[in-house]
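Participant: As a plain string of letters, each chain reads:
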Amino acid sequence: MTVALAIPCFIDAFFPEVGIATLELLERLGVDVVYPQGQTCCGQPMANNGCQSAAAGVEAHFVDLFGDFDAVVMPSGSCVHHLREHLDAVPQTDRVRHLRAHTYELVEYLHDVLKVSDFPWAEFPHKVGLHNSCGTLRSLRTASMSELGETPFSKPMDLLRGVRGIAFVTPARPDECCGFGGTFSVAEDAVSGRMGLDKVRDHEQAGAEYIVSADTSCLMHQQGCAKRAGVPLRFIHIAQILNGARA
Amino acid sequence: MSASAGDKSKPVDHAGAAAAFVADTPHLAFHDRRLWELRQKRDGQMHVLPEWQALRSLASAIKEHTLSRLADYLEQFEAQVTARGVTVHWARDAEEHNAIVLRIMRDHKAKTIAKSKSMLTEECEMVPYLARHGITTTETDLGERIQQLDGEAPSHIVVPSVHKLREDVARVFARTIGGDPNNADPHALAEHARVTTRPLMLDADIGMTGANFLVAETGAVVVCTNEGNADLSANLPKVHIVSAGIEKLVPRQADLGVFVRLLSRSALGSPITQYTSHFRGPRVGAEMHIILVDNGRSQRLGEDDFWTSLKCIRCGACMNTCPVYRRSGGLSYGAVYSGPIGAIINPSYDPVRYSTLPFASTLNGSCTNVCPVKINIHDQLYKWRRVIAERGLLPKNKSLSLRIAGHVLASPRLYRLATGAARLAVRYLPRALLYSKLNSWGRDREVPAAPQESFAAWAARNRPAKKP
Chain A
1 MTVALAIPCF IDAFFPEVGI ATLELLERLG VDVVYPQGQT CCGQPMANNG CQSAAAGVEA
61 HFVDLFGDFD AVVMPSGSCV HHLREHLDAV PQTDRVRHLR AHTYELVEYL HDVLKVSDFP
121 WAEFPHKVGL HNSCGTLRSL RTASMSELGE TPFSKPMDLL RGVRGIAFVT PARPDECCGF
181 GGTFSVAEDA VSGRMGLDKV RDHEQAGAEY IVSADTSCLM HQQGCAKRAG VPLRFIHIAQ
241 ILNGARA
Chain B
1 MSASAGDKSK PVDHAGAAAA FVADTPHLAF HDRRLWELRQ KRDGQMHVLP EWQALRSLAS
61 AIKEHTLSRL ADYLEQFEAQ VTARGVTVHW ARDAEEHNAI VLRIMRDHKA KTIAKSKSML
121 TEECEMVPYL ARHGITTTET DLGERIQQLD GEAPSHIVVP SVHKLREDVA RVFARTIGGD
181 PNNADPHALA EHARVTTRPL MLDADIGMTG ANFLVAETGA VVVCTNEGNA DLSANLPKVH
241 IVSAGIEKLV PRQADLGVFV RLLSRSALGS PITQYTSHFR GPRVGAEMHI ILVDNGRSQR
301 LGEDDFWTSL KCIRCGACMN TCPVYRRSGG LSYGAVYSGP IGAIINPSYD PVRYSTLPFA
361 STLNGSCTNV CPVKINIHDQ LYKWRRVIAE RGLLPKNKSL SLRIAGHVLA SPRLYRLATG
421 AARLAVRYLP RALLYSKLNS WGRDREVPAA PQESFAAWAA RNRPAKKP
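First to last, the protein sequences are chains A and B. Residues in the first sequence are numbered from 1 upward in steps of one, following full-length UniProt numbering. Residues in the second sequence are numbered from 1 upward in steps of one, following full-length UniProt numbering.
Because the hints were derived from the structure by calculation, they are not lab data. The C-beta atom is built at its ideal place from N, Cα and C for all residues, glycine as well. Treat the hints with care, since some could be wrong.
[Unchecked claim] Partial chain A-side listing against chain B, Cβ under 10 Å, derived:
1) C9
2) F14
3) L23
4) R138
5) A187
6) V191
7) G193
8) G196
9) R228
10) P232
Assemble the whole structure, with the sequences as input and the hints as a guide.
Facilitator: Below, the structure written as structure tokens:
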């Protein structure tokens, strides 16, 4: 079984360390993982704006690169949500259906498929606040959401508990959206920026040193808001902690 | 009314209005905190009812069933109320609704109306219409009264003046009905509103209410309020007019139990409204009229992707939970219905004017999961975006950017050039240029630091290519 690693465009361009951590982590866990060159984007930015015609070429390219693998793993909840639920600007061939059904977000893949619970190489002696992106929380359902009053569960927390020395803090509004929202962040920049600021302050007040998330897009936005406002928080993708990053 | 003001041919500038709202920190902070408090109270009510999710499923199923046989239930309701001496009027649209109200007024040589809360009369822009015909309408709900005195539309469907601080209310009262602009004591303000509104209710020629539910089986009009103003509006004057959308029906009296348990818990986090009044016919010597209004509802009922928005019971839970609504205020939506539910309802009335509203969302999905009748609000927001793009209603610069992005992202070569250029720009552009006004990301945030190389470049060096 060969697993293809899909790296979202913003991680490829601006956060290569997240891609590297994801690849190394999967390799450490014995996964036969390949990184197909020539990757661009999954089509989400165009599709989320309703522009199916602009998304079609991007989605077709994604299917070309990834349609023949047993599974695809991505360190990004919102991209996986797009691929699974909305990859329909291209004709729904068997290949597309296979791809949509076999694309996993990293936390899901580690928790549900590989069923890993220990990361003996990992140690993170810091206080962290977990940020579940809305894509992972309410679409991929990797954690319970406060809206439903369901029995609490959290796949990312299950994984992080296997890391030595880590301590968790809980913000007052753990499920509140951070305001990134893709192109929302630039089209509605005032509201988006305020949501981001409220989010990072909430974590700061809870005593977090780091915000950890399975979505780099949320982190990129929150980091930008924190830096502008002088909120002394650091930001790290869950793959980096699980792969043994110390800081 | 500001919902109807402005150039109607232009799309609502939600982002602009929201930016102004965000800039006013005291109002923003109160608005966000107050509505979040309602969301938390709603959660508290949910936690004490183990059957909460079952109630939501049931409510959704009852509404879907009713909507699928709406014509039958409407006729059953009409037969029930007609048999008890109520006059039923059918209004195809807002214009017909308003004309019916005016006709009833003229029949009674009536000049004044005491009206309890009704979003439908807002939707029909009834109050300004009647004013043009010399009829004065007094809002009897406190929040609606504040908004009426201020000449503003309600900003929230349940708490219409939630965007105002009590100091604002004191100033509105001082300007319109007298009082000390510096006395913002809520009890004093409420008392002042009461003593000035009560005589208008006592003297009104006609009373009007909306309806929360219409029961087909019994012909009951059910109105839920916390101030008792609907009962005064309905029972003091000799004539009671009910304005109700045709989607308000539920089949049986027993079904009400499901909805009454959900409504106030979802809206305000209280177990039930202070008053749940059932009007089944005119009082002795009085008249009762019910106007059943379509105004676009039967058209929406025929839309595969959007008909379930008719399940809405107007609790406002989606607004209270919406992080965008809490930080932009209801008036920024430029529409009678604001927030997430407004963003999926309004475009079916006017796709051009409201083309921006489905984009006033991060698609976070919280609305869908608090909705007591399980409307898939965020999925409908997503679907509206497609409809709007397909009809060519995206702003021209946005549509062009997306086409260019689609072209670049479909080509690995162009993608490498573009992202490489972006890294260079971040690394080498002077701050003044990088954070020019064209960079709306940079207005509120720093851009990320540029790494030396992309992940793809790292992988090309460190992991030789393999085929599947």
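Participant: If a hint holds in the structure, say so; if it doesn't, say that too.
Facilitator: Okay, the hints, checked on the actual structure:
1. C9: holds (7 Å)
2. F14: holds (5 Å)
3. L23: holds (7 Å)
4. R138: For A:R138, the interface hint holds, since the closest Cβ of chain B sits about 4 Å away, which is under 10 Å.
5. A187: holds (6 Å)
6. V191: holds (5 Å)
7. G193: Holds - the Cβ of A:G193 comes within 10 Å of chain B, reaching about 3 Å at its closest.
8. G196: Given a least distance of 7 Å, the restraint on A:G196 holds.
9. R228: holds (5 Å)
10. P232: violated (14 Å)
Violation of the numbered hints given earlier is confined to hint 10; every other hint is satisfied by the structure.
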